[in-house]
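Chemist: Now for the letters of each chain:
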Amino acid sequence: MLEYASIAIRVIVQGIILGWKIESNWTNPFVFITYMVAKPIAAVILVGLVIIIGSEASVSSDLFLYSFIGITFFIYPANIVIALAYLVHEDRAKYEVLKYIYVTPLSLRIYIIGRGIATAVNSSISVLISLMIGLFIFNTYFGLELSIPSSIDYPVLMSSILIGVASFILLGMVLYAINLITFKLQYSLSEYTTGVLFLLSGVVFPIEILPYPLQLVSASLPTTHFLNLIRSSILGYSYMDHLMMLITTTLLLSAVAYIILHKVELRARMKGTIDRKAEY
Amino acid sequence: MSAVDVIDVTRVFDSKGKKVIALDGINLSISKGEILGLLGSNGAGKTTLIKILATLLLPTSGSSYVYGYDVVKDAKSVRRIINLVSGGETPGYGLLSVKENLWFFSQLYGLRNSDARRVIDTLINDMELEQYRDTRVHKLSTGYKQRLNLARGFINDPMLLLLDEPTLGLDVINARHIRTYIKRWIRDDPSRSILLTTHYLAEAEEVCDKIAIIYRGKIIAYESPDVLKRSLTDSSVVEIKLVNVGKDIDMDSILSRHGLVYEILNGVDDIMHHYTNTNNNSNSNSNEVYGGDGVRIRLVLDDESMIPSIVESLVSKGLKVSSVSKSTPTLEDVYIRYIKRYDP
Amino acid sequence: MSLSDDLLLNIKAIYARAYVRMKGLTREPHWSIAEVTIPLLSLSAYVYLYITLGAYEYMAFVIVGGAMLAFWSNVLWGMSAQLYWEKDTGMLQHYMLAPASRMAILVGMAVGGMINTTIRSLSILAIGTLLFPVSYALNDPVTLLLVFLLTVIALYGMGMLFASLFLLYGREASHIADLLQEPIYLLSGIYYPVISSNIFPNALKIIASMIPLTLGIDAIRLILITGKGIGDVTLHVTVLAVLAVALPVLARIALRKMEDVSKRQGRLLLRWQ
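Protein chains in written order, with the numbering used here: chain X, 1 to 280; chain G, 281 to 624; chain V, 625 to 897.
Think of the hints as simulated: they come from the structure by calculation, not from any bench. One thing to keep in mind: the hints can contain errors.
[As the list claims (entries may be wrong)] Covered stretches of chain V, going by a simulated chain X footprint (3 or more residues, C-beta under 8 Å):
| id | segment |
| --- | --- |
| 1 | 649-659 |
| 2 | 667-673 |
| 3 | 815-827 |
[What the hints assert, rightly or not] Here are the computed lysine to aspartate or glutamate pairs in the EDC-like style, where the Cα-Cα straight-line distance is at most 20 Å:
| id | chain 1 | residue 1 | chain 2 | residue 2 |
| --- | --- | --- | --- | --- |
| 4 | G | K597 | G | D532 |
| 5 | V | K881 | G | D354 |
| 6 | X | K184 | V | D884 |
| 7 | G | K419 | X | E96 |
| 8 | G | K419 | X | E56 |
| 9 | X | K94 | V | E710 |
| 10 | G | K356 | V | D630 |
| 11 | G | K356 | V | E652 |
| 12 | G | K312 | G | E369 |
| 13 | X | K94 | G | D468 |
| 14 | G | K490 | G | E519 |
| 15 | X | K94 | V | D630 |
| 16 | G | K356 | V | D712 |
| 17 | G | K356 | V | D884 |
| 18 | G | K600 | G | E519 |
| 19 | G | K419 | V | D802 |
| 20 | V | K647 | G | D414 |
| 21 | G | K312 | G | D468 |
| 22 | G | K353 | V | D630 |
| 23 | V | K829 | X | E56 |
| 24 | G | K419 | V | E710 |
| 25 | G | K353 | V | D884 |
| 26 | G | K379 | V | E652 |
| 27 | X | K263 | X | D275 |
| 28 | G | K463 | G | D406 |
| 29 | G | K353 | V | E883 |
| 30 | G | K490 | G | D354 |
| 31 | G | K419 | V | E652 |
| 32 | X | K184 | V | D712 |
| 33 | G | K419 | G | D451 |
Backbone N, C-alpha and C define an ideal beta-carbon position, used for all residues, glycine too.
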């Protein structure tokens, strides 16, 4: 058991190092930082501008902070889901290493967790920088008087991020599993998923605006509760309900992920898709 | 006019301040109707030369001509009369069928639709792809994809066909099919020519009229296979067959007593173990092949009188010699000899 | 080869490359479904945001912007990064080998892309209009068509220009294409007006106008949503016409230069670069 755990930790660490190296294997670190910062910053500013233009007369700082925090912390689920869903194509078709990873004694899932954690670490950097630069731009150039309260509940914030990242990695693993046995959705599956999450998780607007059936869907998504929990920890709202919902939806997701992964792995071995390249 | 003239071509790559000389003053020519084989280990410069002739890469210095056209200045004219088939690659669009992929390439060469249809039908027939005519390419096996790749190479009826390891990774039947086809293709029109690179020496021997051995960017041998093999007639090629050879037999130490040292040469089939003399001036070398029911050792010796003492050493170690016979040198023997000369 | 033979060769190459693109539409319908559904998801989020703000007049802006965004995505991924992917499959060297010009191959990609994307864009517009209570006021369809064509030609000219970056920068070009996605959303006013807005400084508006998408979206909104005509979009039409000519010309120059440099440096056909 101890040996297994030690190997598992090593594999996770290797996954993290590999994920970091692949994502940073660029011309130079400056380009890497720009890529990690420019895209998320642009998304944050986009949402801010929509609110400013749509508000015309005056901007509600409550709504602005709601959306600002939402779009910034949405970086976590978006990046992790995209990275893990795309990982199948990368490892199977592009680098052709999947079969070699698969035949090692340890589970593929451990490796995927490592890759997911690497993405989460990258995302944390993006989130921090987006928060700082976003606030600076909106306060300086658009005359908003936004500020992050000094009384942030850090334990709740950190717990939210940890549980949230766990749920996003689980979701990413489900997408990984689907892409393992299909070829048609290699690129679109992650886009569909992030699109649905963006629309239904209350990222930039409260879910109460949605038609009621969609609100029910929103309530079942971990991302909805993750973002609400983040807002609660930063803005000082009550958080217990959101925390319980995040834990509940994450546990449900872990059960779903476990079942799907198990079934998919068998199917992938049956269909021989673990080392099959889809060439288009 | 030759089909191809390569005059003093050098190509230097600059990678992060480190210079790599891929080709170093190469001179060769290909006559019309000729198949020239370019042999060399990985990184020797074969593909670099092919790419220069294919107008994909510029030489650092020197000139090359394809049917009189300068590959640098008249690239457009060169492209009309050449084609390239790279082994191990299967270019084409997976969502198009075999026929559609060939049609697509025919249009890049400006074939009229009527001509294209005729050529495509012929090629599909020649490559035995009829049953896959309307099959999407992504569903084909590697062998049939490579047949399609080869068919694509003939779509414009090129004057010069550049074949870069065309049978790489193919099974025996597909490889043989490709070799047979290219020999017939050249015979059908003696104005055509082929430059073929390969690691498979038997393939080169079967197909090529002339062989150039390239080593670290330089041509170190350039003759017909027969002339190259005759260059070893001052040596004796002897085959000794041993039976019941256990894997624990230390062939190295047995043969090293006769000055034959074990080494594996780059680019040669892994099952061939080569023994060369510790004296670098010696031309002796040998190799062994693990056959189905024993071991065959090939010895290329300067002095035939070494044979009895070698046999005696083998027998004294309990090995059973079932036959000793003289053999003609193969292209592989030639290749190893030349490489050893430049990289002792 | 005579000039007319050359022209015929290049026309055949354009047709052949466009054919491959068009076949993708019918043989892999899930691509089309994804390229309509995915933009609709984010478009809807912004519509709901405007609804939250009570700014209902911007709903149609978002739908038109979202529909036009399909072209930007196709230009980035179907043009600029396409050659990078072709390199991975070994197709690129055959394009370089063939006597047809590289420009003809790119034009073929552009033509095929334009046709496919127009179908998708119209689908997004139609579905968006059905989902949300928006209305239009089209009084000058001829100008609308003119603006649309000029925008698309200029955009694909830009795509061809970007494609030449790949030849030099390889993998970095793919990341640059990715990098250009969101900043262009910002500058081109996909989800809000840029040119007619008073929150952007004039200098930024001028820079944004160099992107064909910005002027195109603005003009299309003016014509389709607010019922304006040619007289109100003369400047847009003029600048777009200039871009529609200049960008393909620049693309041709850049493509030749990049190809020459790549052949000298030997970086043209390296996979995993």
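Chemist: Determine for every hint whether it applies to the structure shown.
Modeler: Okay, the hints, checked on the actual structure:
1. Judged by the Cβ-Cβ criterion of 8 Å, the segment 649-659 of chain V is covered by chain X as claimed, because 4 of its residues qualify and three suffice.
2. With 5 residues bearing a CB less than 8 Å from a CB of chain X, the segment 667-673 of chain V meets the requirement of three and the coverage assertion stands.
3. Coverage of a stretch by a chain is defined here by at least three residues with a beta carbon nearer than 8 Å to that chain's beta carbons; for the segment 815-827 of chain V and chain X the count is 5, and the condition holds.
4. Distance restraint check for K597 (chain G) and D532 (chain G): the Cα-Cα separation of roughly 12 Å lies within the 20 Å cut-off, and the hinted pair is therefore satisfied.
5. Taken as a hint, the K881 (chain V) and D354 (chain G) pair is honoured in the structure, with Cα atoms around 17 Å apart against an allowance of 20 Å.
6. A hinted pair counts as satisfied when its Cα atoms are at most 20 Å apart, and K184 (chain X) with D884 (chain V) does not qualify at roughly 37 Å.
7. For the given pair, K419 (chain G) sits about 19 Å from E96 (chain X) by alpha-carbon distance, which is consistent with the 20 Å threshold.
8. Distance restraint check for K419 (chain G) and E56 (chain X): the Cα-Cα separation of roughly 57 Å exceeds the 20 Å cut-off, and the hinted pair is therefore not satisfied.
9. Annotation: proposed proximity of K94 (chain X) to E710 (chain V) holds, straight-line Cα distance about 13 Å (limit 20 Å).
10. For the proposed pair K356 (chain G) and D630 (chain V), the alpha carbon gap of about 11 Å is at most 20 Å, so the pair holds.
11. Under the criterion of a C-alpha separation no larger than 20 Å, the hint pairing K356 (chain G) with E652 (chain V) is inconsistent with the structure, at around 35 Å.
12. Our distance criterion of 20 Å between C-alpha atoms is broken by K312 (chain G) and E369 (chain G), whose separation comes to about 27 Å.
13. The suggested pairing of K94 (chain X) with D468 (chain G) is violated, with an alpha-carbon distance near 41 Å, which exceeds 20 Å.
14. The straight-line distance between the Cα atoms of K490 (chain G) and E519 (chain G) is roughly 27 Å, outside the 20 Å bound, and the hint therefore fails.
15. Only pairs whose Cα atoms come within 20 Å are accepted, and K94 (chain X) paired with D630 (chain V) is rejected, the gap being roughly 37 Å.
16. For the given pair, K356 (chain G) sits about 24 Å from D712 (chain V) by alpha-carbon distance, which is inconsistent with the 20 Å threshold.
17. Under the criterion of a C-alpha separation no larger than 20 Å, the hint pairing K356 (chain G) with D884 (chain V) is consistent with the structure, at around 13 Å.
18. Restraint check for K600 (chain G) and E519 (chain G): the C-alpha separation of about 14 Å stays at or below 20 Å, so the hint holds.
19. For the proposed pair K419 (chain G) and D802 (chain V), the alpha carbon gap of about 31 Å is over 20 Å, so the pair is violated.
20. A distance of roughly 14 Å separates the Cα atoms of K647 (chain V) and D414 (chain G); the hinted pair therefore holds under the 20 Å criterion.
21. Using a Cα cut-off of 20 Å, the hinted pair K312 (chain G) and D468 (chain G) holds, with the two alpha carbons roughly 12 Å apart.
22. The hinted pair formed by K353 (chain G) and D630 (chain V) meets the criterion: a straight-line CA distance of about 18 Å does not exceed 20 Å.
23. Only pairs whose Cα atoms come within 20 Å are accepted, and K829 (chain V) paired with E56 (chain X) is accepted, the gap being roughly 19 Å.
24. At roughly 19 Å between alpha-carbon atoms, K419 (chain G) and E710 (chain V) fall within 20 Å of each other, so this suggested pair holds.
25. Simply put, K353 (chain G) and D884 (chain V) have alpha-carbon atoms about 12 Å apart, close enough for the 20 Å limit, and the pair holds.
26. Distance hint between K379 (chain G) and E652 (chain V) is fulfilled; the C-alpha atoms sit about 19 Å from each other, no more than 20 Å.
27. A threshold of 20 Å between alpha carbons decides the hint, and for K263 (chain X) with D275 (chain X) the separation of about 18 Å falls inside it, so the pair holds.
28. Pair hint K463 (chain G) plus D406 (chain G) holds up; C-alpha atoms about 13 Å apart against a cutoff of 20 Å.
29. Only pairs whose Cα atoms come within 20 Å are accepted, and K353 (chain G) paired with E883 (chain V) is accepted, the gap being roughly 14 Å.
30. A hinted pair counts as satisfied when its Cα atoms are at most 20 Å apart, and K490 (chain G) with D354 (chain G) does not qualify at roughly 27 Å.
31. The straight-line distance between the Cα atoms of K419 (chain G) and E652 (chain V) is roughly 15 Å, inside the 20 Å bound, and the hint therefore holds.
32. For the hint pairing K184 (chain X) with D712 (chain V), the CA-to-CA distance comes to about 19 Å; that is within 20 Å, so the pair holds.
33. Restraint check for K419 (chain G) and D451 (chain G): the C-alpha separation of about 18 Å stays at or below 20 Å, so the hint holds.
In this structure, the earlier hints numbered 6, 8, 11, 12, 13, 14, 15, 16, 19 and 30 are contradicted, and the remaining ones agree with it.
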